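Undergrad: What follows is each chain in one-letter form.
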Amino acid sequence: METKEVARAVILVAIAVALSPFFIPVGISKCFPAQHMVNVLSAVMLGPAYAVAIATIAGIIRNILGLGTLLAFPGGMIGALLAGLAYRASKNIYLAGLGEVIGTGILGSLVSVWIVAPLLMGKAMALATLMIAFSVSTLGGTIIGIIALHLLRKGKIWEP
Amino acid sequence: MTRLDPRTKLGLGLMAIAAVFIAKAPKTLLVESIMLLAALPLLRMGKDLLHSLRYYWPMVGLVFIIAFFSFDFSVALVLAVRLFNLLTVSFIFFRAVSPEETGDALQKIGVPYGLAFMLTTSMRYVPLIGQKIRHIIDAQSSRGIDLRLRLQNVRNFMALLMPLLAQSFVLADELALAMESRGFGRKGRSSRKHYRITLLEYGLLLFALTLLVIFAWWERG
Amino acid sequence: MIHLRHIRYRYPHTGWVLKGVDFSVKDCDYLFIGGANGSGKSTLAYLFNGLIPHYFGGTLQGTVTIDDRNTLEHKVFELFSHVGLVLQNADAQLFNSTVEDEIAFGLESLGLSSAEIDNRIQEISRTLRLDDLLGRFPATLSGGEKRLVAIASVLCLNPSVLLLDEPYGDLDWEAVERVRQALLKVNRSGKTVIVIEQRMGNFLHDTSRCLILEQGKLLHEGGPQSAREVLLNAHLLPQYSTGRNRSPGKEPLLIAQDLSYRIKEKEILKGVSLELREGETLALIGRNGSGKTTLLKHFNGLLRPTSGRVTLRGKTIQGKATSELATQVGLSFQNPNDQFFKYRVKDEVMAGPRILRKIQEDWLQEIWQIFDLHALLERSPYRLSEGEKKRVSLASILATRPKLLVLDEPTSGQDGRFREALATLMAELKNRGFTIVIATHDLDFAQATADRWIVLHDGRVLADGAPEDLWGEERLLQLGALPPPDEHFISK
Ligand SMILES: Nc1ncnc2c1ncn2[C@@H]1O[C@H](COP(=O)(O)OP(=O)(O)OP(=O)(O)O)[C@@H](O)[C@H]1O
Ligand SMILES: Nc1ncnc2c1ncn2[C@@H]1O[C@H](COP(=O)(O)OP(=O)(O)OP(=O)(O)O)[C@@H](O)[C@H]1O
Ligand SMILES: [Mg+2]
Ligand SMILES: [Mg+2]
Numbered sequence: 001m002e003t004k005e006v007a008r009a010v011i012l013v014a015i016a017v018a019l020s021p022f023f024i025p026v027g028i029s030k031c032f033p034a035q036h037m038v039n040v041l042s043a044v045m046l047g048p049a050y051a052v053a054i055a056t057i058a059g060i061i062r063n064i065l066g067l068g069t070l071l072a073f074p075g076g077m078i079g080a081l082l083a084g085l086a087y088r089a090s091k092n093i094y095l096a097g098l099g100e101v102i103g104t105g106i107l108g109s110l111v112s113v114w115i116v117a118p119l120l121m122g123k124a125m126a127l128a129t130l131m132i133a134f135s136v137s138t139l140g141g142t143i144i145g146i147i148a149l150h151l152l153r154k155g156k157i158w159e160p
Numbered sequence: 001m002t003r004l005d006p007r008t009k010l011g012l013g014l015m016a017i018a019a020v021f022i023a024k025a026p027k028t029l030l031v032e033s034i035m036l037l038a039a040l041p042l043l044r045m046g047k048d049l050l051h052s053l054r055y056y057w058p059m060v061g062l063v064f065i066i067a068f069f070s071f072d073f074s075v076a077l078v079l080a081v082r083l084f085n086l087l088t089v090s091f092i093f094f095r096a097v098s099p100e101e102t103g104d105a106l107q108k109i110g111v112p113y114g115l116a117f118m119l120t121t122s123m124r125y126v127p128l129i130g131q132k133i134r135h136i137i138d139a140q141s142s143r144g145i146d147l148r149l150r151l152q153n154v155r156n157f158m159a160l161l162m163p164l165l166a167q168s169f170v171l172a173d174e175l176a177l178a179m180e181s182r183g184f185g186r187k188g189r190s191s192r193k194h195y196r197i198t199l200l201e202y203g204l205l206l207f208a209l210t211l212l213v214i215f216a217w218w219e220r221g
Numbered sequence: 001m002i003h004l005r006h007i008r009y010r011y012p013h014t015g016w017v018l019k020g021v022d023f024s025v026k027d028c029d030y031l032f033i034g035g036a037n038g039s040g041k042s043t044l045a046y047l048f049n050g051l052i053p054h055y056f057g058g059t060l061q062g063t064v065t066i067d068d069r070n071t072l073e074h075k076v077f078e079l080f081s082h083v084g085l086v087l088q089n090a091d092a093q094l095f096n097s098t099v100e101d102e103i104a105f106g107l108e109s110l111g112l113s114s115a116e117i118d119n120r121i122q123e124i125s126r127t128l129r130l131d132d133l134l135g136r137f138p139a140t141l142s143g144g145e146k147r148l149v150a151i152a153s154v155l156c157l158n159p160s161v162l163l164l165d166e167p168y169g170d171l172d173w174e175a176v177e178r179v180r181q182a183l184l185k186v187n188r189s190g191k192t193v194i195v196i197e198q199r200m201g202n203f204l205h206d207t208s209r210c211l212i213l214e215q216g217k218l219l220h221e222g223g224p225q226s227a228r229e230v231l232l233n234a235h236l237l238p239q240y241s242t243g244r245n246r247s248p249g250k251e252p253l254l255i256a257q258d259l260s261y262r263i264k265e266k267e268i269l270k271g272v273s274l275e276l277r278e279g280e281t282l283a284l285i286g287r288n289g290s291g292k293t294t295l296l297k298h299f300n301g302l303l304r305p306t307s308g309r310v311t312l313r314g315k316t317i318q319g320k321a322t323s324e325l326a327t328q329v330g331l332s333f334q335n336p337n338d339q340f341f342k343y344r345v346k347d348e349v350m351a352g353p354r355i356l357r358k359i360q361e362d363w364l365q366e367i368w369q370i371f372d373l374h375a376l377l378e379r380s381p382y383r384l385s386e387g388e389k390k391r392v393s394l395a396s397i398l399a400t401r402p403k404l405l406v407l408d409e410p411t412s413g414q415d416g417r418f419r420e421a422l423a424t425l426m427a428e429l430k431n432r433g434f435t436i437v438i439a440t441h442d443l444d445f446a447q448a449t450a451d452r453w454i455v456l457h458d459g460r461v462l463a464d465g466a467p468e469d470l471w472g473e474e475r476l477l478q479l480g481a482l483p484p485p486d487e488h489f490i491s492k
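Chains as they are written, first to last, in my numbering: chain V, 1 to 160; chain L, 1 to 221; chain G, 1 to 492.
Simulated from the structure, these hints should not be mistaken for lab results.
Please note that a few of the clues may not be correct.
To be verified - So the derived list for chain L, only partly shown, Cβ under 8 Å to chain V, looks like this:
| no. | residue |
| --- | --- |
| 1 | 56 |
| 2 | 66 |
| 3 | 67 |
| 4 | 70 |
| 5 | 75 |
| 6 | 94 |
| 7 | 97 |
| 8 | 99 |
| 9 | 129 |
| 10 | 130 |
| 11 | 154 |
| 12 | 158 |
| 13 | 166 |
| 14 | 172 |
All values reported here derive from a predicted model rather than from experimental measurement.
C-beta atoms are modelled at their ideal positions from N, C-alpha and C, and glycine is treated no differently.
Construct the entire structure; sequences and hints are all you get.
TA: Right under this line is the structure:
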């Protein structure tokens with residue numbers, strides 16, 4: 001493992017956890033963008049393996065600190081993996097973002113439903129509701145992540 | 001409790017979560033809930049749980065509502081209680097372990113050192129990043145950029161995010177320097193802490209596993 | 001012995017940063033390395049333990065040998081136990097969860113047995129008197145304690161060279177003294193000590209040899225006496241013009257009445273009252289943790305007092321948001337990087353006025369003039385030198401044209417030239433009728449720029465008056481609020 005990459009991963013985990021109480025009010029619901037933003041950043045900057053590790057460790061710490069629940073795991077890890085793979089294959093940050101949205105919003109919520117209430121699995125309507133609930137937050141975080149990547153590139157802090 | 005080997009703790013915790021996961025019958029769920037609610041004050045975690053409830057209820061509520069419309073009230077209640085139990089037992093589990101212990105345990109069961117290092121070290125940097133966030137909010141509001149959590153301020157949030165990310169990457173680079181300068185990359189590290197799983201702990205794990213299997217069999221049948 | 005022969009170095013994508021440096025360090029030397037910001041001091045430090053070239057890459061010409069090891073042929077993890085490097089940023093330096101783990105980390109890297117590790121921890125905590133700290137979390141340590149732990153964490157590896165990059169950071173005089181004594185002890189025990197610093201004063205006399213860098217070249221090499229002259233001539237030790245015009249100010253601008261502030265049962269401010277008159281320059285002096293920053297944050301409503309009140313031009317600031325007050329009170333914190341979020345200096349400075357919809361072209365023109373920013377307007381703020389960053393951040397505070405300017409630790413980490421320039425700048429702002437408050441540990445600077453000092457101690461105002469009158473005050477010395485006259489970091 002490269003020292004530089006481990007150090008970046010450490011700080012990205014800390015950002016994901018420290019920002020996790022932040023939300024953007026969206027109508028009556030709230031969007032917690034932190035984990036999704038960090039997923040996009042880590043997938044693009046460090047690749048799929050680190051992205052999954054970062055999401056997992058952030059999940060553990062958020063649970064330890066009481067800033068999240070068990071559902072932080074499926075929500076974060078699948079999105080991180082897909083985003084990382086998508087970026088590795090395409091070198092395109094928008095596709096990485098798409099990977100995060102599909103991974104967390106659709107696959108992540110499917111797995112959550114399966115964990116939470118297997119009974120609901122067969123109900124298409126119910127699933128759609130859950131997915132929308134998940135996606136609001138995913139989409140918000142992903143957009144912020146992509147904007148951040150642009151700014152970091154323009155500020156010459158990160159070069160692709 | 002604290003004298004147990006972290007691996008034992010991890011194993012017991014995972015089995016407890018599995019048990020709640022297996023439980024399906026309404027009666028079992030009820031017994032479980034009562035046990036969990038009784039355990040909370042004993043472990044002095046009641047207050048913390050109340051604090052964490054705000055992360056629970058959106059999901060629990062959502063599941064309840066969806067199940068209510070898809071099935072009926074009793075199914076919805078069972079599902080909601082089950083989810084609540086699952087989240088509570090995992091809450092207790094995570095509260096009972098420290099990141100260092102988890103890191104040690106992971107390392108002992110063969111997870112690479114780098115990952116265990118990431119776990120313990122990021123915990124150290126969470127408060128620091130929190131402090132940085134506060135400093136940035138202070139500095140920006142002092143020159144007229146409002147960063148309080150309001151909808152009309154959403155556009156200003158880049159003024160929080162950019163300094164945070166820029167500084168974080170500098171911090172990460174400096175951290176990497178510090179790690180290198182203390183031999184992070186060197187092969188053949190030793191570990192100061194030595195854990196050994198005692199015979200008693202093996203017994204405990206085996207006992208718990210037997211219980212779990214019996215419970216699973218009983219719940220299914 | 002350390003030998004650097006004909007060293008030229010550049011980072012990837014930069015020009016030459018070191019342009020032909022040649023010198024040797026003898027065993028048991030106490031070496032001081034000084035120089036302007038960006039002159040290449042930290043770069044030099046990275047050369048000593050092989051971070052350059054192994055970690056940074058770039059182009060290195062010439063050879064560095066440490067105890068007959070060529071750093072080109074030995075990786076960082078083979079050298080780190082010979083040259084212990086303590087970095088500038090204490091938060092990056094201390095990355096473990098407890099002090100004990102911190103010290104153990106390097107020893108574990110060496111692969112020592114746990115018994116040996118425990119021995120070494122015992123030994124080092126005895127030498128540096130850290131016993132009480134071993135179980136603490138690094139985040140809860142004071143600045144001076146952090147430095148001591150950082151020193152311990154590399155000293156326990158038993159290196160023959162101890163190298164510290166700006167160890168005195170933002171420490172108060174007492175903590176500086178503690179670290180300074182620890183370093184002397186290490187040097188006397190037979191190790192080579194190398195210190196890079198901007199704060200010098202008396203400390204220069206501890207050293208046996210001084211190197212002064214200027215734009216990647218050696219400007220001077222010699223004993224502390226001759227180095228002092230060179231530093232003075234090069235304005236690396238600041239020389240402030242003493243022509244202060246004391247105008248006692250007429251109207252009160254800001255009044256703090258009996259401010260108390262507590263956080264989690266801990267009283268941080270305990271009944272602080274002060275009156276600030278228009279056009280005066282005030283310095284807040286006090287030890288680490290005496291409450292200076294906390295007090296300043298009350299001036300623009302970042303913190304609200306538990307009891308007491310703040311009035312600005314006779315009107316209470318209660319109920320006004322900080323961002324609204326920005327047009328009246330401009331508060332600048334120590335770290336300019338807390339602000340930058342645009343990628344042009346010009347947008348950065350104009351961000352505040354834009355959001356407040358208060359853009360005045362002629363005032364902006366004046367700002368470019370005062371801060372000498374014309375050449376920087378199109379550059380990215382992230383890529384400026386530290387001194388330039390500071391100037392941009394001050395300019396961005398002043399852009400909303402506040403009457404009262406509050407600066408927290410404005411000189412920390414800055415070289416003598418910037419300190420002189422800032423003193424001139426403050427005199428200029430004063431002439432234009434601005435009221436200024438600074439909080440600082442740099443007593444030299446405070447003496448040169450402020451008409452009046454307020455000494456805070458443990459959340460209370462201990463003294464309030466002209467600097468000359470406060471210097472000798474017995475009570476202040478006894479409480480340790482001010483350093484003893486012969487020990488303070490004054491360059492004369
Ligand atoms: N990692 C890096 N990559 C590229 N350029 C760098 C890097 N670090 C430093 N530099 C450049 O090298 C030059 C010397 O920097 P260095 O940090 O050695 O200065 P310094 O004397 O330590 O300054 P200060 O007093 O501000 O700490 C500067 O122009 C700086 O911009
Ligand atoms: N958010 C906080 N939570 C707990 N304690 C705090 C907080 N902010 C400040 N303190 C404590 O209040 C005291 C005063 O802190 P403050 O930062 O005002 O000191 P200072 O005089 O500015 O010190 P320095 O010279 O180191 O900058 C310190 O003991 C500090 O630990
Ligand atoms: Mg430096
Ligand atoms: Mg302060």
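Undergrad: Confirm or reject each hint.
TA: To see whether the hints hold, each was checked on the structure:
1. 56: holds (6 Å)
2. 66: holds (4 Å)
3. 67: Interface hint status for residue 67/L: holds (6 Å vs cutoff 8 Å).
4. 70: holds (5 Å)
5. 75: Holds, because the Cβ-Cβ distance from residue 75/L to chain V comes to roughly 7 Å (cut-off 8 Å).
6. 94: Residue 94/L check passes; min Cβ-Cβ to chain V is 4 Å, inside 8 Å.
7. 97: holds (7 Å)
8. 99: Interface hint status for residue 99/L: holds (6 Å vs cutoff 8 Å).
9. 129: holds (4 Å)
10. 130: At 5 Å from the nearest chain V Cβ, residue 130/L passes the 8 Å test, so the hint holds.
11. 154: With Cβ-Cβ at 6 Å, under 8 Å, it holds.
12. 158: holds (7 Å)
13. 166: Since chain V brings a Cβ to about 5 Å from residue 166/L, closer than 8 Å, the hint holds.
14. 172: holds (4 Å)
Consistency with the previously given hints is maintained throughout, with no hint failing.
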